[in-house]
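Asker: Top to bottom, those sequences are chains A and B.
Okay, so the first sequence: first residue is 10 according to this note's numbering, each after it adds one.
Okay, so the second sequence: first residue is 10 according to this note's numbering, each after it adds one.
Everything labelled a hint here was simulated from the structure, so no lab data went into it.
Check each hint, because a few of them may be wrong.
Because identical chains cannot be distinguished in the list, a pair is counted as satisfied if it fits within a single copy or across any two copies.
Below, in silico cross-link-like pairs of lysine-lysine (PhoX-like), each with a Cα-Cα straight-line distance of 20 Å or less [claimed, not checked]:
(1) K336 with K93
(2) K336 with K28
(3) K25 with K225
(4) K225 with K330
(5) K28 with K330
(6) K238 with K211
(7) K201 with K234
(8) K93 with K343
(9) K92 with K336
(10) K318 with K92
(11) K318 with K114
(12) K145 with K225
(13) K11 with K47
(14) K238 with K28
Being a predicted model, the structure only gives us computed values, none of them experimental.
Chain by chain, the residues run as shown.
There are 2 protein chains.
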Amino acid sequence: MKIIIKKDLLNEKLNKVSKAISTKNLVPALAGIKFDLKEEGLTLTASDNDITIQTFIPKNEDMQIEEEGSIVIQGRYILDIVKKIPDETINLEVFDENKINISTKNSEYNLNGIDIRDYPTVKIEENKNPIIINNKDLKKIVNQTSFATSTDESRPQLTGINFKIIGNELECNATDAYRLARKTLYLEKTSKENFDIIIPSKNIVELTRIIDDDSKIELHIFSNKIIFKTENLIFQSRLINGSYPNTANLLPKESILKITVDINDLYNVIDRVSILTSDKEKNIVTLETQDNILVMHSSSAEIGHIEEKMNIKKNNQEDIKISFSSKYMMEALKTFEGEEATITFVGEINPIIIQDNIEENLIQLVLPIRTY
Amino acid sequence: MKIIIKKDLLNEKLNKVSKAISTKNLVPALAGIKFDLKEEGLTLTASDNDITIQTFIPKNEDMQIEEEGSIVIQGRYILDIVKKIPDETINLEVFDENKINISTKNSEYNLNGIDIRDYPTVKIEENKNPIIINNKDLKKIVNQTSFATSTDESRPQLTGINFKIIGNELECNATDAYRLARKTLYLEKTSKENFDIIIPSKNIVELTRIIDDDSKIELHIFSNKIIFKTENLIFQSRLINGSYPNTANLLPKESILKITVDINDLYNVIDRVSILTSDKEKNIVTLETQDNILVMHSSSAEIGHIEEKMNIKKNNQEDIKISFSSKYMMEALKTFEGEEATITFVGEINPIIIQDNIEENLIQLVLPIRTY
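If we strip away everything but chain A, and leave its shape as in the complex, we get (with noise of 0.2 Å):
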C-alpha cells in the first residue's frame, strides 16, 4: 500500500472515525484504524463492536494512488502523528509486510501496523428502501431528547432513545421514568414498514457530532443494529433489546390550568431560586401561581430560603402549587427555540407539560415532586 495524501484531509476523516476506537484491549486490533486503499479512493474504519464507523475518501486531486493494498495502524500514534506534521503532504508507505513509514521533508516516522488479517470483519448491509431525513433534523432531534434519558443500566431500554416510525411519522422518545421528552417528525418518504427501535443515546449523540449540517443521512434498520449512511459517511449502533415503555398514556389530556411565560426568564429564575439545592440531588423547587404572579421558591432548614417573583399569563382563574426537580426544568426549558412556552399543569401530583408556541411536534414533560 502506498499513498500521498494532503495532511488536512486525511487529518479531519482519521478524526471522524476515531470516535469509534476500542479504548478495551480485548481485542488489541480494535486499538486501530484500519485503511484500505483502492483505485476508487481510501477506506478508513474504526470499531469498538459498539459502534462502527467507516469513512469513505473518493479518489480526487488532493490524493496520489500509488499502490493498492491494506493494513491496520494503531490509532491514537497515527491520529497524533498526522495532527502534528507541519508539511502539508503526507507518504504513507507498507513495507516489509507490516510496517508503515510516513515521511515529510525532515521526517521519518516508522510505525509497526497490525495484520489486517487480525482486525474482525465489519459487515455493512444496506436497506434497500432506509428511512431518509435531513441531517439537521436528526441532530435536533437529539438535542431535544438525549438529555432526558437515563444513565442506569439497571434499566437499559431507558438508556436510549426511541425511534418509532409508522408510516410518515417519526416519533423519538426520551425518558428516564423522571421526565419525557417527545418529538414527532414527519418524513418526506412514507416508510413502507414500521419500526419500534432503541437506539443507544450516547451512540447517536457521536454521530451527530461528526456529521455535517447540509446533507440527508440514510437510516437503515436491522433486527439488532442501525446503520446511518451519509456523505462518505457510515455509522453503524447495536440496538437495544426488549421493548420500549409505553409513554402515550403520560400525555393528559384536560388540565386545570395553562400559563404562558418567557423562556429565557423562567430558566432564569429558577436558576437562581435552585442555588440553594445545588448540593442536593433532587434539586427541588417549588412553583406557585398567584393571579397572574408566578412565584418560585426553595429552601433549606440549614442553608436558607430563596424567593423569586416574575409575571405570567394565565388562561383561567385557577392557581396551582407545585414542586419539581430545578434540573429537570431547565434542561427541558433549553430545548425550545420559541421566545413563550405554555406550562400545562393538570394537578399537583400530575406530569407537567411544556410547549412553545412555535413548535408543536416537540412536547417535555417533568413530574411533579410531592413535597410534604
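Mind docking chain B on chain A? Use the hints.
Answerer: Same frame as chain A, but now just chain B:
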C-alpha cells in the same frame, strides 16, 4: 450590618477571596467568607489555614454603608447568588443577629449566617521594610519556575519555590531533582535583611492569578509565613519548613559544545518525536548532533521509531548524543520569550543548560537520562 453595593464590584472582590475558601469541613466557619463593614469600607476575608486572602473595598460611590457590622456567609452560596443576580445593585442586610437578607426588585434571598465569633482570628502582620517588586515581575517568575517544582510530598521542600534574597538580588529556584528553573531579579531597593525561604508553589500560583499586572507588590516575610500586599489585597501563605537544597553546584562552569536553535522549531520537533513515548512515564527522546544538523529520535520496540532533523549553529566541531525527558525539555523551552536559545552540553551524563539570547537571568537545567 447593612450595605447597598454594585453587584459587579462585590462579585469581583468575592471571586478574589473565594480561592481561599476551605473545602474541608474541619472548621465549618472556614467554608464562609467574612464580611466586615466599617465606616471606611468593606473587608472580605477567606482562609483555609494554608492561605488567607483579604480584600478591602474602600468607601466609594458604588456602595452605600447603612450600618456597620460583621457576619460570616457560606462562601459557595453567596458567590453563586451574587454571580447570578440580574440586578445592578444588591441590598445586603443582617437581621436577627445571624440571618442575612439579600434583596433586589423581584427577589428575596435569606441565608443563615455563621456567627463572627466562630471564625478563627486572622492576624495580618507587617514588616517595616518589605521587599517590593512589580506584580508583572512576580507573575513572570512564577510562570518561569513553578512548573519545575515537585508534587511529591515526601520531599516537601521541593514542592515550593525557593526565594533567596541577598542585598538587591532575588534568586528564585524550583527543582524536582530532575531539572532546575532559576530566575534572578534585581530589586529596586536593597534589602536590609537576607532571606532564604520556600513558598508552596500552588499558593504562589494562586496569588499570581488574582493580582493585576500594573501594580507593585510588597513581600512581608516572617519565620513561618509570607504576606503579599498589593492594591487593597492581602494574600498570606504559610512557608515550607526546612532548608532548600543547594543548587549552585549543579550549574557547570565548562562546556564541550554550545548549540543555537530556533526555540519554536525545537519545541515542535520534540513534540512530534515524543509521540511514541506519550504513554510512558519518562518520555525519553534522544538528541544527536551531526555537523550542523540536529537529529532527534525516539523509539519503542512495540510501536515504532521516529526521527526528525533540523538545522542548528554550533560553537565548535564537537558532536554529542544525549537523551532526556521530552516533557521536561518542552516545559523548559516554553519559559523563554526570545526566538533563539543556546543549549550548553557538558557531557552525555551532565546537566543540559538552556538559556535564550535576550534574558540572561533565566536559566533552565534538565538532567539527561541514561539509556544504556
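Asker: Compare the structure with each hint and give your call.
Answerer: To see whether the hints hold, each was checked on the structure:
{"no.": "1", "hint": "K336 with K93", "in the structure": "between (41 Å within a copy, 16 Å between copies)"}
{"no.": "2", "hint": "K336 with K28", "in the structure": "neither (29 Å within a copy, 27 Å between copies)"}
{"no.": "3", "hint": "K25 with K225", "in the structure": "within (17 Å within a copy, 50 Å between copies)"}
{"no.": "4", "hint": "K225 with K330", "in the structure": "neither (45 Å within a copy, 57 Å between copies)"}
{"no.": "5", "hint": "K28 with K330", "in the structure": "neither (46 Å within a copy, 39 Å between copies)"}
{"no.": "6", "hint": "K238 with K211", "in the structure": "within (18 Å within a copy, 50 Å between copies)"}
{"no.": "7", "hint": "K201 with K234", "in the structure": "within (19 Å within a copy, 78 Å between copies)"}
{"no.": "8", "hint": "K93 with K343", "in the structure": "between (38 Å within a copy, 17 Å between copies)"}
{"no.": "9", "hint": "K92 with K336", "in the structure": "between (38 Å within a copy, 18 Å between copies)"}
{"no.": "10", "hint": "K318 with K92", "in the structure": "between (52 Å within a copy, 18 Å between copies)"}
{"no.": "11", "hint": "K318 with K114", "in the structure": "between (67 Å within a copy, 9 Å between copies)"}
{"no.": "12", "hint": "K145 with K225", "in the structure": "within (8 Å within a copy, 54 Å between copies)"}
{"no.": "13", "hint": "K11 with K47", "in the structure": "within (10 Å within a copy, 78 Å between copies)"}
{"no.": "14", "hint": "K238 with K28", "in the structure": "within (16 Å within a copy, 50 Å between copies)"}
When the structure is compared with the earlier hints, violations turn up for hints 2, 4 and 5 and for no others.
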